[in-house]
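Make the full structure from the sequences, and use the hints.
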Amino acid sequence: MIDISRRALIGTAAAGAGSLVLPRFAIAQGDARPSITVAVQKISNSNTLDVLREQSNVGERVFFSSLWEGLIGRDWLNGLKKVPLLATAWRRIDAQTVELDLRPGVKFHDGSEMTAEDVVFTFSRERMFAETEAKNRSTLKAFEKIPTPKPGKELPVEVPAAARRAWPDLIRVAASGKYTVRFVNATPDVTLEGRLSRYGSDIMSRKGWEESASYLDWARKPITTGPYKVVEFKPDTHLILEAHDDYWGGRPPLKRIRFVEVPEVASRINGLLSGQYQFACDIPPDQIVGIEKNAGFEVQGGTILNHRLTVFDKNHPVLANTLVRRAFTHAIDRQAIVDSLWAGRTLVPKGLQWIYYDDMFVSDWEVPKFDPKLAADLLKQAGYKGEPIPYRLLNNYYTNQVATAQILVEMWKSVGLNVQIETKENWTQIMERSPTRAVRDWSNSAPFNDPVSSIVAQHGPNGQQQQIGEWTNAEANQMAEILETSTDHETRKKAFRRMLEICEREDPAYTVLHQNATFTAKPKSIKWKAAPAFAMDFRAGNFAL
Amino acid sequence: MIRYLLGRAARALLTVALVVTFAFVVLRMSADPALVILGPEASPEMIVAFRKAWGLDESIFVQYLDWFRAILRGDLGISMRDGRPAIELVAERIPATLALTIPALMIKIGIGIPAGIWASLHRGTMVDRAVMGLAVAGFTVPSFVLGLTLVLIFSVWLGWLPSGGQDNWVHAVLPIVTMGVGGAAILARFTRSAMLEVLGQPFIRTASAKGVPWGRVIRGHALPNAAIPTVTMVGFMVGTLMAGAVVVESVFSWPGVGRLLVVAVSHRDLAVVQCILLVVAATMVTSNLVVDFLYGFLDPRLRSGARTGGH
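Those protein sequences? They're chains A and B, same order as listed. Those letters in the first sequence? Residues 1 to 545, by the numbering used here. Those letters in the second sequence? Residues 1 to 311, by the numbering used here.
Now the stretches of chain B that chain A is said to cover, found in silico as 3 or more residues with beta-carbon under 8 Å: (1) 23 to 35; (2) 43 to 53; (3) 145 to 152; (4) 155 to 165; (5) 251 to 257.
Below, a sample of chain A positions facing chain B; criterion: calculated Cβ distance under 8 Å: (6) Glu158; (7) Pro263; (8) Gln276; (9) Asn426.
Across the chosen pairs, the derived CB separations fall in these ranges: (10) A:Val265 / B:Asp57: 30 to 40 Å; (11) B:Leu5 / A:Glu425: 38 to 48 Å; (12) A:Asn396 / B:Arg73: 33 to 43 Å; (13) A:Thr148 / B:Glu92: 25 to 35 Å; (14) B:Leu5 / A:Gln467: 51 to 61 Å; (15) A:Arg345 / B:Arg73: 48 to 58 Å; (16) B:Asp57 / A:Asn136: 23 to 33 Å; (17) B:Phe22 / A:Asn418: 33 to 43 Å; (18) A:Gln467 / B:Ala53: 17 to 27 Å; (19) A:Asn396 / B:Leu5: 43 to 53 Å; (20) B:Ile102 / A:Asn418: 54 to 64 Å; (21) A:Lys385 / B:Arg69: 55 to 65 Å; (22) B:Val48 / A:Gly541: 38 to 48 Å; (23) B:Ser59 / A:Lys81: 47 to 57 Å.
If you're looking for bench data, these hints aren't it; they were derived computationally from the structure. All residues carry an ideal CB built from backbone N, CA and C; glycine is no exception.
This is the structure in structure tokens:
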């Protein structure tokens, strides 16, 4: 392919770095489609393109919807609703079984057709589960042959662990025809369809796996069904994707997408303004105004499926008193944080839940209201005498983390809480169990549209907060069990509401601050819409010049 | 002289051993790679499995012994992120780093030393003040500020040069200039100071009074005597060839050893960090050894001192 550079005058700068702007699109000869360069802070934390190994937000950006696809997908541009993707229909056989009809004629990047055999292999021990067992499984292991991985094809330990976290009770995936598969769970589970739509349940080519020399070779160039295929992946440097013209969803609008890793924000913005990149991702909120002063550019994006939290350790002598933790939650003016640090471009959610939970969303739930007087009264009732409460803080692991912490400390101080920031270098120090562990930052995601994916996964009996001994509550754990095992919608929804009441009000495990957001800058001349996620949709219908 | 050099070599080996041991201990004490690599939302099972797979559940002493034995076998470990031998990852980044640091070093030497000599020979004049003014500006401006300023001018405003990346040689221009300017400024100041000190010595006045032409006085007497501090500084710059571009590589998204180090430290990719530190320490001590050797050539007093036991 011979690339010809084309420069077009986009606009003039309004201030500072604003200047003549020359975006350059490479147009392939004989193929009218443009190629673009997307500057990101990080392409992949794990240096692989394996959905089960790269479990990060940055991975989501390059994976979806360009590379990996699941049987059930998310409508990235319309509220993240579940949509048919590689499966055209699905039905419940019973409380433990889902049957799916596969989309016929779907081609992998190597030209072979996707069949039920590929789906079964995707969920096999060889690819996913290795020797891990379903949580509630009690039989059959002795009779089942667990294959020994071929040399070089051993799965990294994170992969089966991540797979089991996504599918704790899956015992079998079986083909019942060339285009029909059944997923069988050990226990009744209403979230099977949600789990099928989640990050990590995406389908790969069995042939692609078998023809790779090693796991790493495969993980750097997986053969999947997405609209773009991997041409070259140079870890920490760039990822080049090329149009998969046999894509079942229509010919992709771009010839090539080149993701380049540009760790510095200023370098990403300068590269965008100079026309070297067509998209600059991971733009901090305080840079949005500066970029948009340039007439030819805009910043898109917004909330993602991730909430920022303040987390409590109820073993701390002061925080053992529920009233003190409740005072923390009422002393926060969350909207002020959103307006001042996020330029109003995110929101205060209704607790640890997302609208895409659909009929499990508790619409009348709210985060504790900002009421400094109530907070001060609670402290008085608690007999709090101003004892210092440590707040372990990382240096901007999360966007605006330090500034948020400073604001929080002042808000807490104004109601009488003596919170002292202790800056830490890493998560080990943050989580270290000791008498000084009290308050820390965290964020929680919802990989699929059910509370099981967030409040249960993170704060339930097997969630990190209880596993590291920060917090536990017997009734909340009962509710978590109901959410995981009950098939009755009303019972589950009641259990979810009760769990919210316990975790966010009665015996606070955490308090939600705001929804997280991500921002992408681009020339206005590119017609493209950002999804409410890290994922960047470059399929037909969402890119035009 | 041989005994002198052998002593220096032994000290160099000890330095390398201490550096990598220090790095080994500090890296393991400061964070758990399992949590850093897998992230704060990783499940407890994932963390346990990761620690076991990489031997992080052993005591630090056992880990150190295993690592040391492996080094003796020539095995510098496997990258936890990449799954490949750490030395392979580092080796494939070295050419990219040298592609910046060697031309930058040539700029530093090619501009810094002549500018310093020129300024010293025109002491107190406008030329001297101009050169020193530029030199002060050159080494006081941090490289990331200079780099971003150059990007703003040459990429954003003028559109002449790319702002980052490594597609072809044009992408190397701004990072090389950024690195070269600061180093040239430092060398100019060092060279000027050394020259001024030498020019004030009695043997220069004597040579001049005996009627030796001024050009010969400078070339034959002043320059060789002023060379030692300059050679020391150049030696240091050669020593930093491998890891001296950490900031510049980050600003210009240049995939060299410096960026690999930053990424490896932030992910606690232990084998890679240790491998880079080993390479950097080895480069630095080798460079120092060469400088020590050059001292002997440049200053006969050191040579004879070495022969008589290094006094």
